[in-house]
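These protein sequences, in sequence, are chains A and P. Position 74 of the first sequence, counted from 1, bears residue number 123 in the working numbering, the numbering being contiguous throughout. Position 43 of the second sequence, counted from 1, bears residue number 92 in the working numbering, the numbering being contiguous throughout.
Think of the hints as simulated: they come from the structure by calculation, not from any bench. Note that the structure is a prediction, hence the values are computed from the model and not measured. Warning: the hint list may mix true and false statements.
Because identical chains share one entry, a pair is satisfied inside a single copy or across any pair of copies.
Unchecked claim - In silico DSS-like links for lysine-lysine, alpha-carbon gap of 25 Å or less:
# : residue 1 : residue 2
1 : K309      : K365
2 : K161      : K188
3 : K220      : K113
4 : K230      : K382
5 : K430      : K322
6 : K429      : K381
2 protein chains.
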Amino acid sequence: MIPVSEAKKRIVEHCHSFKVELLPLLEANSFVIAEPVFSPIDTPPFNQSAMDGYAFSFANWDGKSPFQVSREIQAGSYSIDALKPLEAVRIFTGAALPPGSDTVVMQEKIIKYGGNITIDDAQITLGSNVRKQGSQTQKGAMALPQGQLLTPSGISFLAGIGIHTVNVFGKPTVSIIVTGKELIKAGNPITDGNVYESNSIGLTAALNQIGLAPISITIVDDDETEIQIAITEQLNSDMIIITGGVSVGDYDLVPAALEKSGVEKVFHKVKQKPGKPFYFGTHNQTLIFALPGNPAAVMTCFYEYVILAIGQFTKKEYFKSYSLPLTNDFTKKAGLTHYLKGKMSEHGVTVLEAQESYLLNSFAQADCLIEFEEEREFFKKGEFVKLRMII
Amino acid sequence: MIPVSEAKKRIVEHCHSFKVELLPLLEANSFVIAEPVFSPIDTPPFNQSAMDGYAFSFANWDGKSPFQVSREIQAGSYSIDALKPLEAVRIFTGAALPPGSDTVVMQEKIIKYGGNITIDDAQITLGSNVRKQGSQTQKGAMALPQGQLLTPSGISFLAGIGIHTVNVFGKPTVSIIVTGKELIKAGNPITDGNVYESNSIGLTAALNQIGLAPISITIVDDDETEIQIAITEQLNSDMIIITGGVSVGDYDLVPAALEKSGVEKVFHKVKQKPGKPFYFGTHNQTLIFALPGNPAAVMTCFYEYVILAIGQFTKKEYFKSYSLPLTNDFTKKAGLTHYLKGKMSEHGVTVLEAQESYLLNSFAQADCLIEFEEEREFFKKGEFVKLRMII
């Protein structure tokens, strides 16, 4: 039996693979950029007016002469005729300055008479109210670096420089195998001795929460051969999550089935509650997480361990840890790290009741998992404890 | 021109509608429950063994007599034959206790000889190692209340009591209308005077981030009639987001088009930077957000205002606010609330550079928006400022 910290360390050590995927821009939302993105264009792609006003040549102006307004340039239009000295053009926000102009005066800062204007703007200088070509990004320059998390604003930015696909660290493929003779599917009437299968649904929802979906869900009986077949069929996945049958009872057949499938055990049993019988192994590049069947243990192991491995693929940290003060005293026995369901408020974090590993009511209302360290017994109200947000 | 706080207040006041949607359980992930969920069954649905061990009748035991082990009950099996006094059954975790038994002794706490066992467990009492029928949820009792955010653990819990659909506060329908003669689509070569359209893509990504998608995207020229037609066509949506053309220039045609479409203005112009020309109006139950066309202003208005209205439909708070200390001094002019892109660290929050509203580089790297209050000018390093996480 190893401590929680050792279990996490060994999982990370065994995550060797990741994959770079070229995704359409919108599908790359919330992924991490795998290769630097270089701008294919200057942005703005031309000297652009930042205001509704008049464009003119500041260089050829004596600071007082009036201008003749010759034409109008709307955003989206382009005028190739160069301005003559003391010629100005009516221009609008976003429009390209015509050749021979370098400065824009705001429409509020002119005096207009007939087809002429004079400038009444003591602040105006060369380049006023002009967004210079390439001032945001220059063609060929790095627009976003490797390792940058792509947010909606980042996507907007890349779209604006004409990028429509991007290389990101992609998702691992995940297979779920649920074991248990007692499991029946929702929608069927409950019969004596049976319970509704919920672990595949909880795990699917948790994967969905971070943008993943299982590529397969297999529900098998407590039968070693059936379990072994199910495992073997999924060994092409990046990860397999198995629930149930991982303890040491007569019908805990998963460890034996894993061994017969050629899976190499990395560890079995962790000093934690819930989820003590948690098993982790590998088969070539495939990571196998075998979790005890109790629903609360399944969800806890997902948030503490499986997510850690997924983050090694996607180069992301999910469900960040924080420290908050406890709102109540809390006591446990020494020897196991306890993960308890918590609820955060402005006062700190409160341990929710009903913590038995088969009870999920409190988990359903929790917004975080609180970690109470292995060797300690008493935690005092007001003391800062480590927690992981899970919403 | 109204302050930020007044704009937010008026938006919330004009959000009257929401809809209750019956969704399959997995699709209800991260929605808020609209009607209390009652348990259709007891859980556990029978008295269930919590251990691998032996079930017997504690009531009929003298505390020392041996038991005869008559049969075995695996999880998923059921035995209808009532136990005789001093008869025990081999039982496994999750299995149903047979009639006439009330207690389980762990397999580690017995002495076995032939077909008999004696119990060696000083702690054992009536009901030990048994999860009583209905001890988690009772048939007909409330399993989760209205207003509960549905998490993966909540979904696992509901699946476990046999629930497979749930009534939640559903998503509003959102239409996007982007205006601007200068806009061209990604994939086309950039031509003189044109820029790539990115606002519909940034808004779509931001909607995706919270599980929504636009039901339509319309890109229209700076033409009042075209804009009016586009608006009229989308008035069946719960929300319309328009970008561009909302200021007061000759080609800012959106306010006039809105008026001709029968939209009632609630406000136009907010004391903020970026996004000063922001317009909000209604048409029957439809909410119309007309945002200035600068990409950074679009994203800022989305995270500060549009999201607020979406949350009125889904009964959720998105992108929560926090306070963190500034890592640098910051100075602005009084008169407008400034929203600046920030990056959080263990030291606090840092204002990212390049804040002009047409620049999105810094937004692409930001993880939060910092709010600098309207009336203030100087913000000191170490001072706590309000921010909204946007990742």
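Outcome of the hint check:
1. Within a single copy, K309 and K365 get their C-alpha atoms no closer than 34 Å, and across copies no closer than 48 Å, so neither meets the 25 Å cut-off.
2. For the identical chains of this complex, K161 and K188 are neighbours neither inside a copy (39 Å) nor across copies (81 Å), given an alpha-carbon limit of 25 Å.
3. Taking the shortest Cα distances, K220 and K113 never come within 25 Å of each other, neither inside one copy (63 Å) nor across copies (59 Å).
4. In this assembly of identical chains, the alpha carbons of K230 and K382 never lie at most 25 Å apart, being 33 Å within a copy and 69 Å across copies at closest.
5. Proximity of K430 and K322 under a CA criterion of 25 Å is satisfied intra-copy only: 21 Å inside one chain copy versus 43 Å between copies.
6. Taking the shortest Cα distances, K429 and K381 sit within 25 Å of each other inside one copy (12 Å), while across copies they are farther apart (44 Å).
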